[in-house]
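Visitor: Below, each chain spelled out in residue letters.
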Amino acid sequence: MAELGGPKGPAPKGLIALAVLGAAVILLPIVGLLARTPWSRLGELLGKPIVGDALRLSLITSFAAAGISLCLGLPLAWILSRTRFWGRSLLRAFVTLPMVLPPVVGGAALLFALGRRGVVGEPIYDLTGFALPFSVWGVILANTFVAMPFLVLTIEAALNNTDHRQEAAAATLGASRLAVFNRVTVPMIRPSILAGLVLAWARALGEFGATITFAGNLSGRTQTLPLAVFVSLEADRDAAIAISLILVVISVAVLLILRNRWWSTQ
Amino acid sequence: MSEVSGLQASIQLQRSNGFKLDVELNIAAGTTACLLGPNGAGKSTAVGALAGLINIEGGSIRLNGRTLNDPSVGIAIPPPDRKIGLMFQDYALFGHLSVEDNIAFGPRSAGLSKSASRLAAAEWTHKFDLIDLAGRKASDLSGGQAQRVAMARTLAANPDLILLDEPLAALDVGTKATLRRILSTNLEAFDGPRLIITHEPAEAFLLADRIHIMENGRITQSGTAAEIRRSPATAYVGALAGTNFLTGSTFRGSITLDESNVVLKTSDTTTDGRVIVTVRPSALALHPSQPDGSPRNSWQAKIASVENLGDVARVYLDAPLPLAADVTPGSVEQLGLSAGQSIWVAIKATEISVSPA
Numbered sequence: 000m001a002e003l004g005g006p007k008g009p010a011p012k013g014l015i016a017l018a019v020l021g022a023a024v025i026l027l028p029i030v031g032l033l034a035r036t037p038w039s040r041l042g043e044l045l046g047k048p049i050v051g052d053a054l055r056l057s058l059i060t061s062f063a064a065a066g067i068s069l070c071l072g073l074p075l076a077w078i079l080s081r082t083r084f085w086g087r088s089l090l091r092a093f094v095t096l097p098m099v100l101p102p103v104v105g106g107a108a109l110l111f112a113l114g115r116r117g118v119v120g121e122p123i124y125d126l127t128g129f130a131l132p133f134s135v136w137g138v139i140l141a142n143t144f145v146a147m148p149f150l151v152l153t154i155e156a157a158l159n160n161t162d163h164r165q166e167a168a169a170a171t172l173g174a175s176r177l178a179v180f181n182r183v184t185v186p187m188i189r190p191s192i193l194a195g196l197v198l199a200w201a202r203a204l205g206e207f208g209a210t211i212t213f214a215g216n217l218s219g220r221t222q223t224l225p226l227a228v229f230v231s232l233e234a235d236r237d238a239a240i241a242i243s244l245i246l247v248v249i250s251v252a253v254l255l256i257l258r259n260r261w262w263s264t265q
Numbered sequence: 000m001s002e003v004s005g006l007q008a009s010i011q012l013q014r015s016n017g018f019k020l021d022v023e024l025n026i027a028a029g030t031t032a033c034l035l036g037p038n039g040a041g042k043s044t045a046v047g048a049l050a051g052l053i054n055i056e057g058g059s060i061r062l063n064g065r066t067l068n069d070p071s072v073g074i075a076i077p078p079p080d081r082k083i084g085l086m087f088q089d090y091a092l093f094g095h096l097s098v099e100d101n102i103a104f105g106p107r108s109a110g111l112s113k114s115a116s117r118l119a120a121a122e123w124t125h126k127f128d129l130i131d132l133a134g135r136k137a138s139d140l141s142g143g144q145a146q147r148v149a150m151a152r153t154l155a156a157n158p159d160l161i162l163l164d165e166p167l168a169a170l171d172v173g174t175k176a177t178l179r180r181i182l183s184t185n186l187e188a189f190d191g192p193r194l195i196i197t198h199e200p201a202e203a204f205l206l207a208d209r210i211h212i213m214e215n216g217r218i219t220q221s222g223t224a225a226e227i228r229r230s231p232a233t234a235y236v237g238a239l240a241g242t243n244f245l246t247g248s249t250f251r252g253s254i255t256l257d258e259s260n261v262v263l264k265t266s267d268t269t270t271d272g273r274v275i276v277t278v279r280p281s282a283l284a285l286h287p288s289q290p291d292g293s294p295r296n297s298w299q300a301k302i303a304s305v306e307n308l309g310d311v312a313r314v315y316l317d318a319p320l321p322l323a324a325d326v327t328p329g330s331v332e333q334l335g336l337s338a339g340q341s342i343w344v345a346i347k348a349t350e351i352s353v354s355p356a
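These protein sequence lines are chains A and B, in that order.
Heads up: the first sequence begins at 0 in numbering that gives the first Met the number 0, then just goes up one per residue.
Heads up: the second sequence begins at 0 in numbering that gives the first Met the number 0, then just goes up one per residue.
It is possible that some hints are incorrect.
Unchecked claim - From chain A, some residues computed to sit far from chain B (all C-beta separations above 12 Å): (1) PRO11; (2) GLY31; (3) PRO48; (4) LEU158; (5) ASP162; (6) VAL183; (7) VAL185; (8) LEU257.
Claimed, not checked - Derived Cβ-Cβ restraints for the label pairs, each shown as a range: (9) A:LEU193 x B:PHE250: 54 to 64 Å; (10) A:ILE59 x B:ASN54: 26 to 36 Å; (11) A:ARG189 x B:ASN54: 47 to 57 Å.
Derived from the structure by calculation, the hints contain no laboratory data.
Predicted model only: the values in this text are computed from it and were never measured.
Backbone N, C-alpha and C define an ideal beta-carbon position, used for all residues, glycine too.
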């Protein structure tokens with residue numbers, strides 16, 4: 000292609016060497032995983048109860064977390080994008096905090112807030128006898144905590160980039176603000192909502208630190224796929240590999256779904 | 000509440016960048032007003048204030064006797080309750096909806112069910128010749144089709160006032176003329192007050208009953224096209240109002256005019272049919288006697304008036320063609336130009352531009 004660009008000619012060898020090393024850091028572990036996979040026993044390994052239980056629990060909790068993230072995150076993104084109030088920037092900063100916060104710290108924070116002796120958790124427990132930690136609900140909450148920011152940020156960026164005139168036109172045609180949101184705004188940003196949903200779901204599926212801290216590691220109850228990998232590495236190496244493989248396949252699928260968003264076709 | 004019909008608006012506000020808007024607009028029902036001004040004059044801001052997208056800080060907006068916005072008494076009706084139709088510059092159609100559902104959007108917002116709103120839309124789909132396009136996605140239309148859908152959508156919401164923000168700006172030159180005619184017919188179909196925003200003098204002169212010239216957030220002159228052309232109040236108005244508009248038919252470079260038997264020659268020999276002829280005032284040369292050489296257009300005219308605009312003087316010519324000519328104050332003196340005098344007019348064929356009407 001005849002394009003105007005930077006200087007042409009062979010790339011410097013030093014840069015190539017570092018780039019190859021960089022790619023290797025990312026590719027080698029995957030290759031190692033595939034090389035150690037006992038392909039002939041894969042069916043049998045995937046049939047093990049620890050795998051089945053973890054897979055079922057992971058699917059339930061990650062979809063639930065993605066669903067809750069959408070229900071709460073979409074309005075939150077809208078508020079951040081479309082309204083002006085004191086402390087808005089601060090709120091946005093806090094909403095994105097779980098993206099950079101070590102998940103273990105997130106799990107500990109959840110315990111202090113919602114644990115049996117937590118600020119909010121204690122009165123709830125005293126009143127109803129219900130405690131979030133070490134339950135499926137705990138897993139879902141921990142997942143939502145780490146996943147929702149991805150959805151909020153994706154959708155807020157989409158909202159900030161939309162053409163406001165369509166919303167204004169809808170308003171002059173008699174639509175209330177809620178009707179504009181439902182009938183114009185949401186359909187307009189549908190692709191970004193889907194992308195945010197996939198991102199949040201993938202993040203929830205892979206969650207480890209906050210889950211193990213807040214919900215524990217109870218087989219069949221709070222032991223999700225990543226936790227099962229961690230446990231199996233000690234007890235049953237081959238099972239750990241099989242579970243890891245499931246997660247790799249899912250991750251690749253997520254990349255394929257989002258490819259138009261992230262990968263340029265060049 | 001008074002029983003006055005039409006729009007009475009006094010819009011005062013200041014934008015965050017310090018831009019001040021102070022505009023008074025009165026539009027009677029069944030008439031078309033036009034806000035004409037350069038980009039950045041505040042026209043779109045004024046429209047946004049009327050539609051309720053921006054609240055005014057001073058003044059008031061009344062439509063058919065109902066107060067829509069009056070900060071002195073704390074009234075600010077939100078856009079959905081104003082019954083003001085706003086057609087955006089590039090139409091802002093809902094790309095995810097079909098043509099039919101775009102048009103049904105207003106009736107649906109008024110509380111009709113999906114089927115009832117589609118029924119209400121059908122009338123407008125029919126009126127604007129959109130039946131064949133009814134099922135098509137609005138993102139999939141040509142400029143002309145989009146304009147018709149936008150107009151139908153605006154009118155289907157049953158507004159009391161319609162605002163059209165640069166309705167022809169998004170179109171290419173070829174379709175502009177056709178769509179201006181269609182727009183003009185459609186405007187007649189609406190019996191409330193109508194306001195068009197444009198920076199194109201030709202559009203204003205052809206579409207509006209009354210023109211309001213807007214510069215720097217203020218209206219500098221209001222009047223009919225003829226009034227504004229006769230006595231421009233500012234240099235900007237002078238420059239744009241001075242542009243001579245004529246209508247006629249052209250064939251291979253010969254233009255037969257509607258209002259005179261003078262035949263104009265243009266170097267544009269490819270355009271044929273009905274045209275708008277525009278001639279810049281500075282393109283007219285005035286001579287005391289028949290000019291030498293062979294200017295393609297020359298005739299003898301009577302001077303109606305001479306006006307000093309500072310560094311130029313504008314000479315208004317009378318029969319056989321009412322044109323304005325800009326000359327230097329020096330040549331006014333030299334040629335002794337004054338009202339009632341006869342003078343020779345010459346225009347080069349390259350200075351006569353035509354565009355399909």
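Visitor: Take the hints in turn and mark each one as holding or not.
Guide: Now for the hints, and whether the structure bears them out:
{"no.": "1", "hint": "PRO11", "verdict": "holds, 46 Å"}
{"no.": "2", "hint": "GLY31", "verdict": "holds, 46 Å"}
{"no.": "3", "hint": "PRO48", "verdict": "holds, 47 Å"}
{"no.": "4", "hint": "LEU158", "verdict": "holds, 15 Å"}
{"no.": "5", "hint": "ASP162", "verdict": "violated, 7 Å"}
{"no.": "6", "hint": "VAL183", "verdict": "violated, 6 Å"}
{"no.": "7", "hint": "VAL185", "verdict": "violated, 10 Å"}
{"no.": "8", "hint": "LEU257", "verdict": "holds, 21 Å"}
{"no.": "9", "hint": "A:LEU193 x B:PHE250: 54 to 64 Å", "verdict": "holds, 58 Å"}
{"no.": "10", "hint": "A:ILE59 x B:ASN54: 26 to 36 Å", "verdict": "violated, 49 Å"}
{"no.": "11", "hint": "A:ARG189 x B:ASN54: 47 to 57 Å", "verdict": "violated, 32 Å"}
Hint check: violations occur at hints 5, 6, 7, 10, 11; the rest are consistent with the structure.
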